[in-house]
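This note's numbering runs 1367 ahead of the 1-based position in the sequence shown.
Mixed in with the good hints, there may be bad ones.
[Stated by the list, open to error] Here are the simulated distance ranges between beta carbons:
hint : residue 1 : residue 2 : range
1    : S1550     : K1672     : 41 to 49 angstroms
2    : P1555     : E1707     : 17 to 25 angstroms
3    : A1625     : C1416     : 21 to 29 angstroms
4    : D1599     : N1456     : 24 to 32 angstroms
5    : E1413     : E1592     : 28 to 36 angstroms
6    : K1672     : R1523     : 51 to 59 angstroms
7    : R1487     : E1698     : 43 to 51 angstroms
8    : G1467     : E1413     : 39 to 47 angstroms
9    : A1625     : L1697     : 41 to 49 angstroms
[To be verified] Straight line, CA to CA, 20 angstroms or less: simulated EDC-like cross-link-like pairs of lysine to aspartate or glutamate:
hint : residue 1 : residue 2
10   : K1559     : D1711
11   : K1756     : E1548
12   : K1453     : E1424
13   : K1748     : E1548
14   : K1748     : E1592
15   : K1748     : E1527
16   : K1721     : E1548
17   : K1748     : E1410
18   : K1559     : E1413
19   : K1746     : E1591
Source of the hints: derived by calculation from the structure; they are not laboratory data. All residues carry an ideal CB built from backbone N, CA and C; glycine is no exception.
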Amino acid sequence: MKTTALALAAAAFAPNVLAWGAAADRAGHEIVATIAEIHLYPEVKEKLCHILPPEAECHLAPVAAWADTVRGRYPGTGPMHYVNPKEDNPGTHCTFGEHGWINEDVNVLTAIVNKTEALRGGGGGDINLRFLIHLMGDLHQPLHLTGRDRGGNNARFKFEGRVRSLHSVWDSGILLKNIREFSNYTAPLPSKHIEEALPGAIFDSYVRWIVWEGIRQWWPNVQEEWLACPADGDPYPHSLLEDIPRNEVDHGEWYRSAVDYAHGAVGYLPNALGDVIRLSIPAPVEVGEGMRDALLELHPKNEPKHIGPACPYTWAREIHGTNCAHAWPLEYDPHGPLIELDTDEYLGKIGRAKVLERLFAMGGLRLAKVLNEAVSDGKLKGVYVNYPKYEAENETAEARPSAETRRTAEL
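Using the sequences and the hints, build the whole thing.
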C-alpha cells in the first residue's frame, strides 16, 4: 500500500494528458470542488490544508481532476468512476439497480463510501482525499450513472456543429458553452469568504452566479433534502451480499515483461516527456493489483446498508433520472443521422431548468457536507455558510444581474 501511495503521489501534478485533457475541460470537477470549499467549516479546511499537496495552496480545485490522470496507469481504478445498472436504457426507460448492477463490487457508489470512511477524523491521506473530491463530481454527472453506449461515450451527436460523444457534451460541451456566453458576475461579490475560495479560473463568474443566486435564492428550501441521508442507512449496490474476492488475475509473464520494459525505456527520455508518457503506461502488475486490493479493504462485507456522512446511492438515484429527463433524446438512433443538440428543444430546455447549475450546486454542497462530517468525525454537521442570506428587499443592484442579463445567462 505504501508503494502504491508513493507511486500515485508522484503523478500528482504531472501534465494532464489523459481523460479530460485541457484545463478548460476539467472545469466541471473544479467547479464542484470550489463550491464545496466555500462551504467548509474553517477547522475542517485547516485540516485539509495539511493533507493537500503544497502545490494546491489549500484549495480543492487543483486536485479535483487528478483521479482521471492516473486511470491509464492504474486501470483497476477505472470502474470507480461510474456505476452501470442492469437493464438500463435511458431515452426509453430508466432503471437504477432494480435488476442489479453490472459492476457491483467496485463502482462510484462503493468507492465514495470507502474514501469517506478512510478520511474519518482527518486521516486517510492525500490520495483518498483526491479520489473523494473527484468521485463526488463524477456522481453528479448523469452519464457516469448509466452503461448505455458506455455511458454515452459511444453515442455520437453533433454539438455546435461538431461531432461529439454524448458523454463529452455533458462532461464539458454544454458547460464550456455556458461559461463562454456568460457575461455577469465579473466583479467580486460582497463576500470575502466566497472570493477567497475562487481559484482565478475561467469559471469564477459562473460559480459566483451559482452560489449567489442559485444556492442563496433559488434553492435554499431544498438544501436540507439534498444533504439528507436515510436514517436506516444507504443501500449498497449489491445484487448479492457476498464477500468480494481479491484480485487474482494472472496477467502472464509476457505482460509483466512488456510493462517492465516500457517503464525502463521511459527512463531514458527527458524528464518532462517521460512524466507525460509514464502516465499512459500501466503500473507494474504488483502495484496495480495492490491498488485494487487496497480499494476493496474498506468495502462492505455482508452488510446491506451503510450509515455515514455519504449516501451515494440515495443521491445518485435522483441524478440518474436526468438521463431520461434531459440527457438522452427519445429520437436517438445509433444507426440514424446525427442529431444536433445545440437547439432550443434540447439545450434550451436544459438551460431554462438550470439542470447543470443545480447539479453543480448539489455536488458542491454534498461534497462539503461529507468532508465536514468525515474530517471532524461527526462533530460538525452539514455545511458552513459564511455569506448573507438572500433578502430581496436588501439585495443591491450591484449584487444581482438585471432581468435582461439573467435571461441571457439562462441561455
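- Taking the numbered hints from earlier one at a time, note which ones the structure violates and give those numbers from smallest to largest. 2, 3, 6, 10, 11, 12, 13, 15
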